[in-house]
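Residue numbers (our numbering), protein chains in the order written: chain A, 4 to 271; chain B, 142 to 308.
No lab work stands behind these hints, which were simulated from the structure alone.
Note that the Cβ used here is the ideal one computed from N, Cα and C, for glycine as well.
Be aware that one or more of the hints could be misleading.
Said to hold, decoys possible - Covered stretches of chain B (in silico footprint by chain A; criterion: 3 or more residues with CB under 8 Å from a CB of chain A, positions within the stretch not fixed):
{"id": "1", "segment": "153-166"}
{"id": "2", "segment": "175-184"}
{"id": "3", "segment": "222-232"}
{"id": "4", "segment": "238-252"}
{"id": "5", "segment": "256-266"}
{"id": "6", "segment": "295-301"}
As the list claims (entries may be wrong) - If you want a taste of the chain B side facing chain A, the calculated C-beta under 8 Å gives, among others:
{"id": "7", "residue": "282"}
{"id": "8", "residue": "284"}
{"id": "9", "residue": "285"}
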Amino acid sequence: MPYERGMNEEVLPVMRSKSGGWLHYLANPARFMRVAVPALPWLTVVSVLLCAVGIVWGYQFAPADWEQGDAARIMYVHVPAAWVAMAGYAALAVCSLFSIVWRHPLADIAAEEIGPVGAGFTAVCLVSGSLWGKPMWGAYWVWDARLTSVLILFFLYLGHVALIRAFDNKAHAYRAAAILALAGAVNLPIIVFSVQWWNTLHQGNTISLSGGSKIYVTMLYPLLISTLGFYLAFITMVVARVAAAINERKLAAALLAAALHAAEEERT
Amino acid sequence: MRTPKKRRLYLVLLGSLCFGAAVALTLAAFSSTLTYFLSPRQVEAQSPPVGQSFRLGGIVEAGSVHTTVAGETPTTHFDITDGRAAVPVSFTGVLPDLFREGQGVVAIGAMAPDRTFAADEVLAKHGAAYMPKDVEEELRKSGKWNPKYGPPPSAASWNDLPVKAGS
Chain A
4 MPYERGMNEE VLPVMRSKSG GWLHYLANPA RFMRVAVPAL PWLTVVSVLL CAVGIVWGYQ
64 FAPADWEQGD AARIMYVHVP AAWVAMAGYA ALAVCSLFSI VWRHPLADIA AEEIGPVGAG
124 FTAVCLVSGS LWGKPMWGAY WVWDARLTSV LILFFLYLGH VALIRAFDNK AHAYRAAAIL
184 ALAGAVNLPI IVFSVQWWNT LHQGNTISLS GGSKIYVTML YPLLISTLGF YLAFITMVVA
244 RVAAAINERK LAAALLAAAL HAAEEERT
Chain B
142 MRTPKKRRLY LVLLGSLCFG AAVALTLAAF SSTLTYFLSP RQVEAQSPPV GQSFRLGGIV
202 EAGSVHTTVA GETPTTHFDI TDGRAAVPVS FTGVLPDLFR EGQGVVAIGA MAPDRTFAAD
262 EVLAKHGAAY MPKDVEEELR KSGKWNPKYG PPPSAASWND LPVKAGS
């Protein structure tokens with residue numbers, strides 16, 4: 004359903020201060036609703052299609068690995084989930100920066116809504132990796148640098164989810180959670196480089212942007228499609244949650260206004 | 142002019158910088174304990190005392206694997222190498238599926254009095270290369286790679302190699 008502006012909800016005048024005027028323009032909740040809500044059904048259809056094509060291709064038609072056999076197929080879920088978990092945290096950190104420095108209402112809401120989705124993708128990554136680890140490594144879990152840093156990422160997400168909902172005063176909640184998210188961002192380069200800085204049981208990078216990827220083409224294509232699908236699914240979920248949160252706030256504001264109005268009438 | 146926004150931005154940047162530096166220094170200080178395993182070269186240099194538990198990682202040396210079966214349980218002797226040094230390892234029990242000559246492994250255990258490594262547990266470390274069976278056979282037949290002697294050659298030489306239909 005397309006979002007329509009009500010009669011009595013004018014777009015707030017855009018503050019055009021010298022620094023970051025365009026940021027204010029982009030981060031206006033009403034504008035977000037006008038763009039995002041009509042896009043949601045499309046995003047949903049495309050992300051579901053891409054995930055389905057990538058995973059069915061990977062699990063049914065891509066060749067098995069010469070050494071791991073069919074167990075290697077876990078990568079069509081595990082690897083995209085891991086990438087999205089990290090990109091999601093980067094997005095959370097960026098929102099937190101906007102939230103703490105420029106006090107953007109949309110960045111506050113986005114930070115609140117990214118947390119649970121990112122935690123979900125991180126959980127998928129951890130569980131799928133663990134199920135692969137038992138038959139391949141011989142252990143569900145080892146405390147090497149890669150696995151441990153991703154577990155910390157999961158706890159950072161959970162901590163953020165809990166902290167941002169732990170205050171009665173929302174402004175305090177957003178500030179405290181933003182500090183946690185920004186401090187936790189130091190974990191991202193640790194995850195990425197853990198397999199290079201330290202000896203880990205987890206293998207090194209297969210896909211490299213700067214050189215040849217150590218993966219056969221017919222295994223690479225479904226992996227890339229599945230990755231695109233996971234990214235879009237993440238974006239879809241976050242946009243839907245942010246739209247719902249904005250509607251919730253509007254509803255609460257309207258109810259409050261109605262209650263105040265009623266009280267006013269009663270008095271006169 | 143110093144607006145509150147700018148002040149907050151500088152505060153965040155300064156805070157991130159300090160925190161990042163603190164974490165980097167901590168990681169650098171704990172670098173050796175963050176390492177999941179020691180390589181044979183490190184074992185040779187540090188010579189860990191007999192009985193002290195640690196993890197040893199490297200490649201299973203080609204031609205070094207010997208298995209003897211006493212009753213029901215197999216005991217396997219093999220060397221773990223990193224190309225420069227090698228440590229003899231003995232392990233009693235069932236090895237993971239991916240264990241083979243040329244495979245990266247991590248063994249958990251301690252040095253025995255005879256300076257061999259007595260492993261309680263052996264984990265297989267999988268390499269980063271993914272290829273179908275046909276490609277592996279192709280490389281092996283053409284003599285470009287034998288999995289017994291370590292990781293595969295540069296990926297550009299095989300990651301779009303034409304193979305039989307159906308793979």
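The hints, checked one at a time:
1. Only when three residues or more bring their CB closer than 8 Å to a CB of chain A does the claim for the segment 153-166 of chain B stand; here the count is 6, and the claim holds.
2. Restraint check on the segment 175-184 of chain B versus chain A: 6 residues with Cβ-Cβ distances below 8 Å, three needed, restraint holds.
3. Interface restraint, the segment 222-232 of chain B with chain A: violated (0 residues with C-beta to C-beta distance below 8 Å; minimum three).
4. Check result for the segment 238-252 of chain B against chain A: holds, 3 residues qualifying (beta carbon to beta carbon below 8 Å, three or more required).
5. Using a Cβ-Cβ cut-off of 8 Å, 5 residues of the segment 256-266 of chain B lie near chain A, which meets the minimum of three, so the contact claim holds.
6. Given a C-beta distance limit of less than 8 Å, the hint that chain A covers the segment 295-301 of chain B holds, as 6 residues qualify and 3 suffice.
7. The closest approach between the C-beta of residue 282/B and any C-beta of chain A is roughly 13 Å, which is over the 8 Å cut-off, so the hint fails.
8. A cut of 8 Å between beta carbons decides the hint on residue 284/B: the least distance to chain A is about 17 Å, and the hint is violated.
9. This hint is violated: residue 285/B has a C-beta 14 Å from the nearest C-beta of chain A, more than the 8 Å allowed.
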